[in-house]
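Enquirer: Sequence order for the protein chains is F and Y. Residues in the first sequence are numbered consecutively from 1, following the numbering used here. Residues in the second sequence are numbered consecutively from 1, following the numbering used here.
Keep in mind the hints are simulated off the structure, nothing from the lab. On a predicted model such as this, the values are computed, not experimentally measured, just so you know. Glycine included, every Cβ here is placed at the ideal spot set by N, Cα and C. Hints may contain errors.
Distance windows between CB atoms, simulated [to be verified]:
no. : chain 1 : residue 1 : chain 2 : residue 2 : range
1   : F       : T178      : Y       : D55       : 49 to 55 Å
2   : F       : V125      : Y       : D42       : 44 to 50 Å
3   : F       : V156      : Y       : K219      : 57 to 63 Å
4   : Y       : D31       : F       : Y41       : 17 to 23 Å
5   : Y       : N81       : F       : E78       : 23 to 29 Å
6   : F       : T83       : Y       : G64       : 37 to 43 Å
7   : Y       : D31       : F       : F100      : 55 to 61 Å
8   : F       : K179      : Y       : Q73       : 49 to 55 Å
9   : F       : V125      : Y       : D74       : 55 to 61 Å
10  : Y       : N81       : F       : T83       : 23 to 29 Å
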Amino acid sequence: MKKYILIAIVSIFIGTTGYSQTSLYTLDYTMGLGVGSTGDYIGNMSFRGLTFEGRGFVTDNISVGALFNWSTFYEAREGETYTHEYTTITGNQYRYINAFPMLAQAHYYFATDPHKTRFYLGAGVGTYKINQETDIGVWALSYDKWHFGVSPEVGVVLPIGYSTMVNLSVRYHYAVKTKKSPEYSWLGFSVGFAWGN
Amino acid sequence: MKKLFFNLAIVAGLAVAMTACYPGGAEYTDDTDIVVTQYNPDFNFKNVNTYYVSDSIQHLVDEGDTPNKTYDQDILNNLRNNFNSLGWTPFDLADTSNGELPDVAIVVTAAEVTTYNIYSYPWYPYWGWGWYKNSDYWGYPGYGWGYPWYSGGSYVTSYKTGTIVWRLFDPDDVSEIDSTINVAWMGAINGVMGSSKSNTKTRINNGIDQAFKQSAYLKGE
Numbered sequence: 001m002k003k004y005i006l007i008a009i010v011s012i013f014i015g016t017t018g019y020s021q022t023s024l025y026t027l028d029y030t031m032g033l034g035v036g037s038t039g040d041y042i043g044n045m046s047f048r049g050l051t052f053e054g055r056g057f058v059t060d061n062i063s064v065g066a067l068f069n070w071s072t073f074y075e076a077r078e079g080e081t082y083t084h085e086y087t088t089i090t091g092n093q094y095r096y097i098n099a100f101p102m103l104a105q106a107h108y109y110f111a112t113d114p115h116k117t118r119f120y121l122g123a124g125v126g127t128y129k130i131n132q133e134t135d136i137g138v139w140a141l142s143y144d145k146w147h148f149g150v151s152p153e154v155g156v157v158l159p160i161g162y163s164t165m166v167n168l169s170v171r172y173h174y175a176v177k178t179k180k181s182p183e184y185s186w187l188g189f190s191v192g193f194a195w196g197n
Numbered sequence: 001m002k003k004l005f006f007n008l009a010i011v012a013g014l015a016v017a018m019t020a021c022y023p024g025g026a027e028y029t030d031d032t033d034i035v036v037t038q039y040n041p042d043f044n045f046k047n048v049n050t051y052y053v054s055d056s057i058q059h060l061v062d063e064g065d066t067p068n069k070t071y072d073q074d075i076l077n078n079l080r081n082n083f084n085s086l087g088w089t090p091f092d093l094a095d096t097s098n099g100e101l102p103d104v105a106i107v108v109t110a111a112e113v114t115t116y117n118i119y120s121y122p123w124y125p126y127w128g129w130g131w132y133k134n135s136d137y138w139g140y141p142g143y144g145w146g147y148p149w150y151s152g153g154s155y156v157t158s159y160k161t162g163t164i165v166w167r168l169f170d171p172d173d174v175s176e177i178d179s180t181i182n183v184a185w186m187g188a189i190n191g192v193m194g195s196s197k198s199n200t201k202t203r204i205n206n207g208i209d210q211a212f213k214q215s216a217y218l219k220g221e
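Generate the whole structure from the sequences, applying the supplied hints.
Expert: In structure tokens form, the structure reads like this:
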């Protein structure tokens, strides 16, 4: 009996040290879709986005780290009318949002073996630098502010090599409004590579 | 550390690639056509019954340039048609000899100068019509325009080359103390820069019609 217990303990020890991961980096192509008032402002899907993450494991299935993302939203609208106080402007509008979330985040993985598929849940909190610009004629109406925001995420990492993985995730971004600029919210769909050791 | 630089290099490379495909905006001249209207919220448009549109247009051109008057009559006729559609009655200039004034007067400027700031141009005495208050000459030489709604904030103040601006005001609402004519409604359109005459005429007419359409308060609404 003692022999089996010893084998079991050794097996667990080997299993833990042999497959545990200390770091994970991801580099993703990110598409975006505005929701709420952001979606009203720009309804087009964004196909210009980039996400970079660094994660360090504090246990076998929990990591903490940081995220940097750049998402660009754009929509042209013809003959749109805009009213501000006692001024009304009608013309083609060219609408832009450039968002730069910079977040601290944590993830929980439902599996610990880095050589197998691992689903995860995560959440980020931090700052969002968001520049919104509406070009009408030769004028630009713009907001360029820092926001506080949060971002829950679900995703999966799929191993394709010894230390290389494919990362897929869906993330919700919510940046709270400031005194001088509105709130923003959008969904980010990421696909990219992950690697680590 | 080496890995960090590797990661940063990848991010930087992709950032540059993304910048290269950054979405564009306006591509053609008429993409920047706009119609701007502004009004004084304290002015009661319900009380307007008669109007007078100047019979000529003030042209502002850069030194040495010749004013383009091709569309002057189209502009004035279109404005008159739209004011008539509001139910307002054209003022007979002959009535001025009885001391009467229209409820509102409208003067039109075609700015063909490179840079035109609507808040800096004073009244010009060469409208080709008018009289001076309390005399047989109506006009306000040396007077400036007053914009009751303008607070010096982030308002539209300058227009690109090829802009038509009209200002509507009550001839009785003129401050002789500070030589200011208070504007009740102002409209501005781009449309003089078209490549063909028919296209330009259409853009002007559409622009003027849009200015009235987006100014429901003229009907007292």
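Enquirer: Now tell me, hint by hint, if it's right for this structure.
Expert: Structure-based check of all given hints:
1. T178/F x D55/Y: 49 to 55 Å: Given range 49 to 55 Å: holds, Cβ gap about 52 Å.
2. V125/F x D42/Y: 44 to 50 Å: 48 Å, holds
3. V156/F x K219/Y: 57 to 63 Å: This hint holds: roughly 60 Å between Cβ atoms.
4. D31/Y x Y41/F: 17 to 23 Å: 20 Å, holds
5. N81/Y x E78/F: 23 to 29 Å: Holds: the Cβ-Cβ distance is about 25 Å, inside 23 to 29 Å.
6. T83/F x G64/Y: 37 to 43 Å: 39 Å, holds
7. D31/Y x F100/F: 55 to 61 Å: 28 Å, violated
8. K179/F x Q73/Y: 49 to 55 Å: Holds, at about 50 Å.
9. V125/F x D74/Y: 55 to 61 Å: 60 Å, holds
10. N81/Y x T83/F: 23 to 29 Å: 25 Å Cβ-Cβ, so the 23 to 29 Å window holds.
The structure fails hint 7 only (numbered hints given earlier).
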